[in-house]
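K.L.:
Kindly generate the complete structure, drawing on both the sequences and the hints.
Residue numbers (the numbering used here), protein chains in the order written: chain U, 1 to 112; chain D, 1001 to 1112.
In case anyone wonders, no lab produced these hints; they're calculated from the structure.
We put the beta carbon where it would ideally sit given N, CA and C, even for glycine.
Be aware that a few hints might be false.
On the chain D side, residues computed to face chain U include the following (Cβ under 10 Å) [unchecked claim]:
| # | residue |
| --- | --- |
| 1 | Tyr1036 |
| 2 | Lys1049 |
| 3 | Ser1070 |
| 4 | Phe1102 |
Listed next, the in silico EDC-like pairs over lysine to aspartate or glutamate satisfying Cα-Cα at most 20 Å (straight line) [what the hints assert, rightly or not]:
| # | chain 1 | residue 1 | chain 2 | residue 2 |
| --- | --- | --- | --- | --- |
| 5 | D | Lys1104 | U | Asp85 |
| 6 | D | Lys1058 | U | Asp71 |
| 7 | D | Lys1049 | U | Glu26 |
| 8 | D | Lys1104 | U | Glu59 |
| 9 | D | Lys1049 | D | Glu1064 |
| 10 | D | Lys1104 | U | Glu100 |
| 11 | U | Lys79 | U | Glu100 |
| 12 | D | Lys1049 | D | Asp1085 |
| 13 | D | Lys1058 | D | Asp1085 |
| 14 | D | Lys1061 | D | Glu1020 |
Here are the simulated distance ranges between beta carbons [unchecked claim]:
| # | chain 1 | residue 1 | chain 2 | residue 2 | range |
| --- | --- | --- | --- | --- | --- |
| 15 | D | Phe1051 | U | Val60 | 24 to 34 Å |
| 16 | D | Gly1096 | U | Gln2 | 16 to 26 Å |
| 17 | U | Thr96 | D | Gly1029 | 10 to 20 Å |
| 18 | D | Gln1045 | U | Ser58 | 19 to 29 Å |
| 19 | U | Ser67 | D | Ala1112 | 40 to 50 Å |
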Amino acid sequence: SQTIHQWPATLVQPVGSPLSLECTVEGTSNPNLYWYRQAAGRGLQLLFYSVGIGQISSEVPQNLSASRPQDRQFILSSKKLLLSDSGFYLCAWAGTTHNEQFFGPGTRLTVL
Amino acid sequence: AQSVSQHNHHVILSEAASLELGCNYSYGGTVNLFWYVQYPGQHLQLLLKYFSGDPLVKGIKGFEAEFIKSKFSFNLRKPSVQWSDTAEYFCAVGSGNTPLVFGKGTRPSVIA
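P.N.:
If you want it as structure tokens, here you go:
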């Protein structure tokens, strides 16, 4: 069966510091991968998605970037964090059928 | 572009009351429809989905949803809620192989 991992689970970082959040999927190959940010009352905001290694689509221009160095690894990064980057970050994967998405446990990021 | 509207971000219900959460979307083509649920402290998980066929779909934990194409709606229902149904519920719409678009969520609180 497929599983999806995210780490770290929680992170507290100072403003201006770099960021690297990692997401890995097991039990499937060539998944579509997604990064979302969840904010209370605002639902899930799609940040990036990838349909293959090295292929990244950005949905919202902002202080973040994403990379997919391996088939089942998706990384969310920032060179310099802003206060507004605080939030709950979710990674998801989908197969090729109807894009049903499966979510990871999320990372709670607090920027101070 | 697709959009999803969920009505009433917060709802308060008594146990055993019936629940209906509204979801409307804007997209004229063939859609795939989903309801996800996020229990406190848990992963976002799939509650039910509609791809084609019978417009009344049944999901886990006694939930069902009805796709009404003419109304662009996919409302979620449960005849008798329990305290354990307190969670945040997200409606999502997809088309083809594009990323899902999520609503802002509805958070029913069930009281004894």
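K.L.:
D/Ser1070 was flagged as interface toward chain U. Is the shortest Cβ-Cβ separation under 10 Å?
P.N.:
violated (22 Å)
K.L.:
Lying within 40 to 50 Å: is that true of the beta-carbon distance U/Ser67 to D/Ala1112?
P.N.:
Holds, at about 48 Å.
K.L.:
When you take the CB atoms of U/Thr96 and D/Gly1029, is the distance between them in 10 to 20 Å?
P.N.:
Distance hint for U/Thr96, D/Gly1029 holds at roughly 19 Å.
K.L.:
For the pair we were handed, D/Lys1058 and D/Asp1085, check the Cα-Cα distance against 20 Å.
P.N.:
OK: D/Lys1058 and D/Asp1085 at ~16 Å, within 20 Å.
K.L.:
Just to be careful, I want the Cα atoms of D/Lys1058 and U/Asp71 compared with a cutoff of 20 Å; is the pair within it?
P.N.:
Outside the cut-off at roughly 34 Å; violated.
K.L.:
D/Lys1049 and D/Glu1064 were given as a pair; does the straight-line alpha-carbon distance stay at or below 20 Å?
P.N.:
holds (9 Å)
K.L.:
For the pair we were handed, U/Lys79 and U/Glu100, check the Cα-Cα distance against 20 Å.
P.N.:
Violated, because 32 Å separates the two Cα atoms, which is more than 20 Å.
K.L.:
Has the given pair, D/Lys1104 with U/Asp85, been kept, meaning a C-alpha gap of at most 20 Å?
P.N.:
holds (19 Å)
K.L.:
Do the Cβ positions of D/Gln1045 and U/Ser58 conform to the proposed distance bound of 19 to 29 Å?
P.N.:
27 Å Cβ-Cβ, so the 19 to 29 Å window holds.
K.L.:
Holds or violated: D/Lys1104 with U/Glu100, Cα cutoff 20 Å?
P.N.:
holds (18 Å)
K.L.:
Does the Cβ pair D/Gly1096, U/Gln2 satisfy 16 to 26 Å?
P.N.:
This hint holds: roughly 22 Å between Cβ atoms.
K.L.:
Please work out if D/Lys1049 and D/Asp1085 have their alpha carbons no farther apart than 20 Å.
P.N.:
holds (18 Å)
The structure fails to meet hints 3, 6, 7, 11 from the earlier list, while all remaining hints are met.
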